[in-house]
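With the hints as a guide, bring both chains together as one complex.
For reference, the chains in residue letters:
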Amino acid sequence: MLSAAALAHRELLKFWRDKARVAGFAAAPLLFWLVVSAGFNDFARFYSGSIALALMFSAVFSNMTLIDDRKEGFLAGVLVTPAPRAGIVLGKVVGAAALAWLQSLVFLLFLPLAGLKPGFFGVLACLGILAVIALLFTLVGFLCAWRMPSTQAFHGVVNMLLMPMWMLSGSLFRFGEAHPWMKTAMALNPMTYGISLLNESLGMEGVFSTLLSLSVLAVWTTGLFGIALFWVGRSDHATA
Amino acid sequence: MLLAVENVSHRYGDLIALNSFSMHMNRREIVGLLGPNGSGKSTLLRLLSTISKPQCGKVEVCGFDAAKHPQAVRARIGVVFQTQTLDKLLTIEENLLACGAFHGLSGRGLIDRVRQVMGQLGIAERRHELCKSLSGGLQRRAEIARALLHEPQMLILDEPTTGLDPVARDDFWLAIEGLRERRSTAIVVSTHLFEEAEKCDSLILLSSGVRVAEGTPEELKATIGGQVVELRARDPQAALESLQSQFDAQMRLIDGVIWVEAEQAHRMIPRLVDALPGEVLSIGFHQPTLGDVFRKMTSRERAAVSV
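Taken in order, these protein sequences are the chains called A and B.
Heads up: the first sequence begins at 1 in our numbering, then just goes up one per residue.
Heads up: the second sequence begins at 1 in our numbering, then just goes up one per residue.
Just chain B, same shape as in the assembly (with noise of 0.2 Å):
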């Protein structure tokens, strides 16, 4: 086991980021946090990366408890903010040196390792470029590079994409990939972005703190029966209860759109519009993705914050 989590949760002031959250990940395994704003994903990784300790429950990386040794867990750990950790002053290669050093390599080893990890990531041409005069993807692949000079068992990724074009999000995913395959790294990442969930090999949904759903990305998907049908309707409240009280399908109100389970969806439209007569404004359908479980799960939640 190389990552547990056991029980862990975390407040700040009133507010509970984490609730008795557990997870477990095994080397090569790529697991992909998903939630809202505000669900505790960057809490979690806060807490993963020995930035934060946990109040209660506990973190376990490596067979190291991040609470009593962070310095054995820092050792194994790489680390990609959200936000940019390079200095802007110094080229890449500088910025590269100065961070191998806080890792304790020093001398020819740390020039090798620099060098190596420069190409790896294709940046070894641009290395002598300051890092404020590099294009966003570039930014990336030099915290990436940052992240793996020393070689960790694990990666933590915090919406490591945010801010990049598709060219650039195809490039780190392929990188991502390329290190798992290579060195069985583990990786753990936040994204927001239903597209590179497709791409984890296991999913966690947090909403509010509390893990509400896991599983590989099929896995998830089918949870929702069957397709989705979307149906717009003048009245969207009194549709809903309508046919609510008409079939026995699971069906909410979400924005505004009412979403039907349907196990075959091309009969259960024309019933649907039958139903509301001169109420249907739109209907279509589709197989389910990401997005639609995300919503599912998510949106008792949003209901509440709405009321």
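The shape of chain A in the complex, shown without the other chains (with noise of 0.2 Å):
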């Protein structure tokens, strides 16, 4: 735990020092959003799957930090300590999630102008819904940062993944309208579920039971976890 909540801080406090980052992220979705808004002129409609845009991608990126870490050595340094393996993956995946959830929170100063009245449980609700999925995607971050050689190649195979799971969420279009093979494709996507409860917890309709879509995310994020701490304990990947 120690060991995790150093590993976290050093991580908000490099993101602090680094301010360029801070206002990266969330900058796009929120033009996307009002300008998709303005266009179709419901501004509700792609609130959700706005935000979720800005916190997958910062959540994902938020671990290119890793592959910094790995060239520099500063990975190294820790492997070589005692610190527990699940500890590390723990800070370093925690800390990430948590910027990227801070980034997203952006978008609920517009909930007025996107005409949501959620009431204070449902903002609630939405911040905890919003940091399970920033959890998720940094998990996706740290797996393809663990082995990947360069940044740039981090860049590549990110946006690949990204993309399609943003698209086929419910982000764009809504799960009951779509054709018969894309609703499968839907449904193993596990960013359909965030959105879904993301929808509820503002006061829209979610496609999926509250349970459901709760457990599918946490079965998701587990076994991630598990993947991750795997791949850590096996460490010959982790210096340059």
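Derived by calculation from the structure, the hints in this document are not laboratory data.
Among the hints, erroneous ones may be present.
[Said to hold, decoys possible] Listed below are the simulated DSSO-like cross-link pairs for lysine-lysine, each with C-alpha atoms no more than 30 Å apart in a straight line:
hint	chain 1	residue 1	chain 2	residue 2
1	A	Lys117	A	Lys71
2	A	Lys71	B	Lys68
3	B	Lys199	B	Lys58
4	A	Lys14	B	Lys132
5	B	Lys53	B	Lys68
6	A	Lys71	B	Lys88
7	A	Lys71	B	Lys132
8	B	Lys88	B	Lys58
9	B	Lys58	B	Lys68
10	A	Lys71	B	Lys53
11	B	Lys88	A	Lys14
12	B	Lys88	B	Lys68
13	A	Lys183	A	Lys117
14	B	Lys221	A	Lys71
Please read all numbers here as calculations on a predicted model, not as lab measurements.
Structure (structure tokens):
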């Protein structure tokens, strides 16, 4: 726990010192939301999808620091200490997820413009769901970054993975209106359940039941954490 | 016995990095690893520092098997890598505090320990500076501070003075020797620099993953009988063959220079020059150095590579 806290604290401290990163990830999805919503003259429809876009990308990309950590030797320095492997994964992932989560909160300022009135508990639920999604995608990013030789390669692979996940999540079109094979693809995508939960918390209709969606997200998150733990345990990839 | 390495082999695909290597070490001992690039030094240090697991054989630190109880080993070793492991965007103190946390230190104890180590290494006044703004020498000292936080029984140093100027290098070695005196820490260090190797209690010479020589610096130098005569000739290969047929002495051709081991070099030199009329470009002699031992022991392999 101590090492996890130390790593997470370092992540936040570094982020704070590198302020150019702060503005980065929320701006583009925010612009997307404003333009598309104004175009369709429906500010609620793309709201969850746009938060998800901001959150997914900032969560995955906050792991890019892992590649630098490995190249610069910091990671090797951590791995020769008796810090438990679970603590290392947890610290890195929680730190990065917290950053992504904080960035996505900018969107909540625009709730009135979206015409959504989720109420206090709705916002609270929304914060919780955003945190779970942030964790899930930070883990996706962690796994991609662990083996990736360079930040350039990481960019390529991650974009190839994230864009389809986002497009097939119900952010762009509604689950109910989709072609049957599209529905199958969407049902396999964990992000679909995230969007469903987000919509529900913001007072819109969810596609799946709360329990089902929460379970799917929980299973994915735990599963990815398990894989991350296994990989870090076999630490041959830890040094450049 | 602080460190026992028994018959360890390690390969990367087809490349054999270490071949059935063994070594032993006691407290207070400084063991130097010498070897050309790719000789297996770094692989050995990776195994000792539990970054890699041995594919066969056994590594034991303080009685703990590194493959079965890596956590116990990690708690007892301090590692200084060739590369920087401190976070450049954090200050020295922040780096050390984080590292102490990885070792399970916390609260007042952690802060006191960090202060103490920074004081020992003379970096206390610079503790609020970001690591990226420090000079190479100071960064290295901060690296040692990091490796010493948890009072390890064994220090593993992988070419620790790479990129340091001579003054910073001397400082580094003063710190290392002080540590051995005060805390009886055992130190294993890999190096390219023969003058650093002279400071070690014993040396292991590695070549192609095999130990080719071992002993104190004096013992190793004594393996060269007497002095070393260096001779440059117009046609080195022909000159070598001619000399070998006339003299009963150890000779070899290394990088175009003929090396002759001579017990009484001053008597040998005129005879060598007489034996090669008109061929000798220059000739001289010196007392054996670790560099000579290194070249002698690794020349066979280098000859093989050049063929």
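Here is how each hint holds up against the structure:
1. This hinted pair does not check out: Lys117 (chain A) and Lys71 (chain A) have alpha carbons roughly 47 Å apart, beyond 30 Å.
2. Distance hint between Lys71 (chain A) and Lys68 (chain B) is fulfilled; the C-alpha atoms sit about 27 Å from each other, no more than 30 Å.
3. The straight-line distance between the Cα atoms of Lys199 (chain B) and Lys58 (chain B) is roughly 28 Å, inside the 30 Å bound, and the hint therefore holds.
4. As the CA atoms of Lys14 (chain A) and Lys132 (chain B) are separated by approximately 13 Å, the hinted pair is consistent with the 30 Å bound.
5. Between the alpha carbons of Lys53 (chain B) and Lys68 (chain B) the distance comes to roughly 9 Å, so the proposed pair stays at or under 30 Å and holds.
6. Restraint check: the Cα-Cα separation between Lys71 (chain A) and Lys88 (chain B) comes to about 13 Å, which is no more than 30 Å; the hinted pair holds.
7. Of the pairs offered as hints, the one joining Lys71 (chain A) and Lys132 (chain B) holds, with about 15 Å between alpha carbons and a cut-off of 30 Å not exceeded.
8. Restraint check for Lys88 (chain B) and Lys58 (chain B): not satisfied, since their Cα atoms lie roughly 36 Å apart, outside the 30 Å limit.
9. Taking the CA atoms of Lys58 (chain B) and Lys68 (chain B), the gap is about 10 Å. The hint holds against a cut of 30 Å.
10. A distance of roughly 21 Å separates the Cα atoms of Lys71 (chain A) and Lys53 (chain B); the hinted pair therefore holds under the 30 Å criterion.
11. The straight-line distance between the Cα atoms of Lys88 (chain B) and Lys14 (chain A) is roughly 10 Å, inside the 30 Å bound, and the hint therefore holds.
12. Simply put, Lys88 (chain B) and Lys68 (chain B) have alpha-carbon atoms about 34 Å apart, too far for the 30 Å limit, and the pair is violated.
13. A C-alpha spacing of about 29 Å is found between Lys183 (chain A) and Lys117 (chain A), which places the hinted pair at or below 30 Å, so the restraint holds.
14. In summary, the hint linking Lys221 (chain B) to Lys71 (chain A) is not supported, as the alpha carbons are separated by about 39 Å, beyond the 30 Å threshold.
Violated hints for the displayed structure, listed by number in ascending order: 1, 8, 12, 14.
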